[in-house]
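K.L.:
Chain by chain, the residues run as shown.
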Amino acid sequence: MSAQAAAAPSTPATFDFGRPWRLHPQVALRDEAFGALAYHYGNRRLIFLRSRALVELVRSLEHHDSAEAAVAACVPEVGRPAQRAALARLAASEVIDAR
Amino acid sequence: MPASHSALRDQLSFGLDSPICLTWELTYGCNLACVHCLSSSGRRDPDELTTGEAIAVLDELAALQVFYVNIGGGEPMLRPDFFDIVSYAVEHRVGVKFSTNGTRIDARRAERLAAMDYLDVQISLDGSTEEINDAVRGAGSYAAARRAMDHLAAAGFGPFKISVVVTRHNVAQLDALESLAGHYSAQLRVTRLRPSGRGADSWAELHPTDHQQRYLYDWLHERPHVLTGDSFFHLSALGEPLEGLNLCGAGRVVCLIDPVGDVYACPFVIHDEFRAGNVREPGGFSAIWRSSALFSSLREPNSAGACASCGSFDACRGGCMAAKFFTGLPLDGPDPECVFGHGERTVAEPPGSRPRPAADHSSRAVPVRLVTRG
Numbered sequence: 001m002s003a004q005a006a007a008a009p010s011t012p013a014t015f016d017f018g019r020p021w022r023l024h025p026q027v028a029l030r031d032e033a034f035g036a037l038a039y040h041y042g043n044r045r046l047i048f049l050r051s052r053a054l055v056e057l058v059r060s061l062e063h064h065d066s067a068e069a070a071v072a073a074c075v076p077e078v079g080r081p082a083q084r085a086a087l088a089r090l091a092a093s094e095v096i097d098a099r
Numbered sequence: 100m101p102a103s104h105s106a107l108r109d110q111l112s113f114g115l116d117s118p119i120c121l122t123w124e125l126t127y128g129c130n131l132a133c134v135h136c137l138s139s140s141g142r143r144d145p146d147e148l149t150t151g152e153a154i155a156v157l158d159e160l161a162a163l164q165v166f167y168v169n170i171g172g173g174e175p176m177l178r179p180d181f182f183d184i185v186s187y188a189v190e191h192r193v194g195v196k197f198s199t200n201g202t203r204i205d206a207r208r209a210e211r212l213a214a215m216d217y218l219d220v221q222i223s224l225d226g227s228t229e230e231i232n233d234a235v236r237g238a239g240s241y242a243a244a245r246r247a248m249d250h251l252a253a254a255g256f257g258p259f260k261i262s263v264v265v266t267r268h269n270v271a272q273l274d275a276l277e278s279l280a281g282h283y284s285a286q287l288r289v290t291r292l293r294p295s296g297r298g299a300d301s302w303a304e305l306h307p308t309d310h311q312q313r314y315l316y317d318w319l320h321e322r323p324h325v326l327t328g329d330s331f332f333h334l335s336a337l338g339e340p341l342e343g344l345n346l347c348g349a350g351r352v353v354c355l356i357d358p359v360g361d362v363y364a365c366p367f368v369i370h371d372e373f374r375a376g377n378v379r380e381p382g383g384f385s386a387i388w389r390s391s392a393l394f395s396s397l398r399e400p401n402s403a404g405a406c407a408s409c410g411s412f413d414a415c416r417g418g419c420m421a422a423k424f425f426t427g428l429p430l431d432g433p434d435p436e437c438v439f440g441h442g443e444r445t446v447a448e449p450p451g452s453r454p455r456p457a458a459d460h461s462s463r464a465v466p467v468r469l470v471t472r473g
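Protein chains in written order, with my numbering: chain R, 1 to 99; chain F, 100 to 473.
Be aware that a few hints might be false.
[What the hints assert, rightly or not] Cβ pair distances, simulated, as ranges:
| no. | chain 1 | residue 1 | chain 2 | residue 2 | range |
| --- | --- | --- | --- | --- | --- |
| 1 | R | Ala28 | F | Arg313 | 38 to 44 Å |
| 2 | F | His282 | R | Asp16 | 36 to 42 Å |
| 3 | F | Glu210 | R | Asp65 | 44 to 50 Å |
| 4 | R | Ala28 | F | Glu321 | 45 to 51 Å |
[As the list claims (entries may be wrong)] Calculated Cβ distances over 10 Å to all of chain F for the following chain R residues:
| no. | residue |
| --- | --- |
| 5 | Thr14 |
| 6 | Gly18 |
| 7 | Leu23 |
| 8 | Val75 |
| 9 | Pro76 |
| 10 | Gln83 |
| 11 | Glu94 |
These are calculated hints, taken from the structure and not from any lab test.
Where a beta carbon is used, it is the ideal one built from N, C-alpha and C, also for glycine.
The following block holds chain R by itself, in its conformation from the complex (with noise of 0.2 Å):
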């Protein structure tokens, strides 16, 4: 199996918290015990999201009119910087995409 840990040390810098994000709609969740597994039917990877919180700031983001407001909605002061880097490595392995 090929799989991917979402907690890669490298944060891409390219990421755009002012813009509406959503689970990509390619992208299955499926909720395991330590958070959820996530496989993307177009290029098929599986790629483990390895916290409750993050899988439910994933699925608050299509309530959102950005990301940050998503961010600010879900995740307390101290956790912020962790979930926005989470943000942009999903991002970058399509498991969301803007809208």
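Following the hints, complete the assembly by docking chain F onto the known chain R.
P.N.:
Same frame as chain R, now just chain F:
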């Protein structure tokens, strides 16, 4: 390995609510007789799941959100309802990756495959030359596999996979196999030879040497794009871990459904000791996955046994359960291909003292005779 990656592996080792990927062998029937066939395929079993039963299995997998299923056999395309089963799967968002020897892929079937979404094809090929491939897979199998690749390419299938079981005789052809994949814009997938099925009898002559294992490790390290099905994690003891989870997923994140509906911990352990149940039983596959005694015990923390004092245990986790079982080694000790040689000294001799694979469906005709090379 980063600490976070290791933590994820620990969590996965306790099992998931449903498998990440599941292997489903649709038939024991096969028109080839490869010397290393992990399921000893040849003749169809009269008790194989019917089309209706296969559809019921797919309904369960869809409900469990199994993202994709690895379909194999035998030769799955020999089933007359092959396209019915595969179409039903992809229509219900259970993606299909299927392994085939390619003999049944003609121009028309290649076009039919190319028209389907969520479908990946793996053509098995165990050498870049007819001589090396056919010694293991049988006369004419190289030409048939190449014809199938030509048909897929002509039909515009896209990037199919060329799937190679690494042996002592084809390690030296890895570069050529990579070139062949490049020629078709295909993806190369290489997996580990196990002493399972008819492989129990050919493994000793076919498995890579220590020197070749080191070469393979370096070769894979330089090529993270080459797919391995995570099957070479025993090599991670040589240094930096290879791509993937580096975990034996048996009963934890993977399992096998065989053609008669028996559920085993992984595709390489078709033996009563690793049979968790049958999908025809009440509760079906879901009940087996969630509560069979076998799978529950596999999800318990396992002891490192004889490997406890080895500094590399965290990298290789003692290797492959199936490889140990069928070479007569204790499951809580080193892999027979342990890169430090801790396993080979204790491989059970004579071979007659090892467990025998169950469910031999080999054709009565003698399988391909392994050509021993000087």
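K.L.:
Checked against the structure, which of the hints given earlier come out wrong?
P.N.:
Structure breaks hint 4 only.
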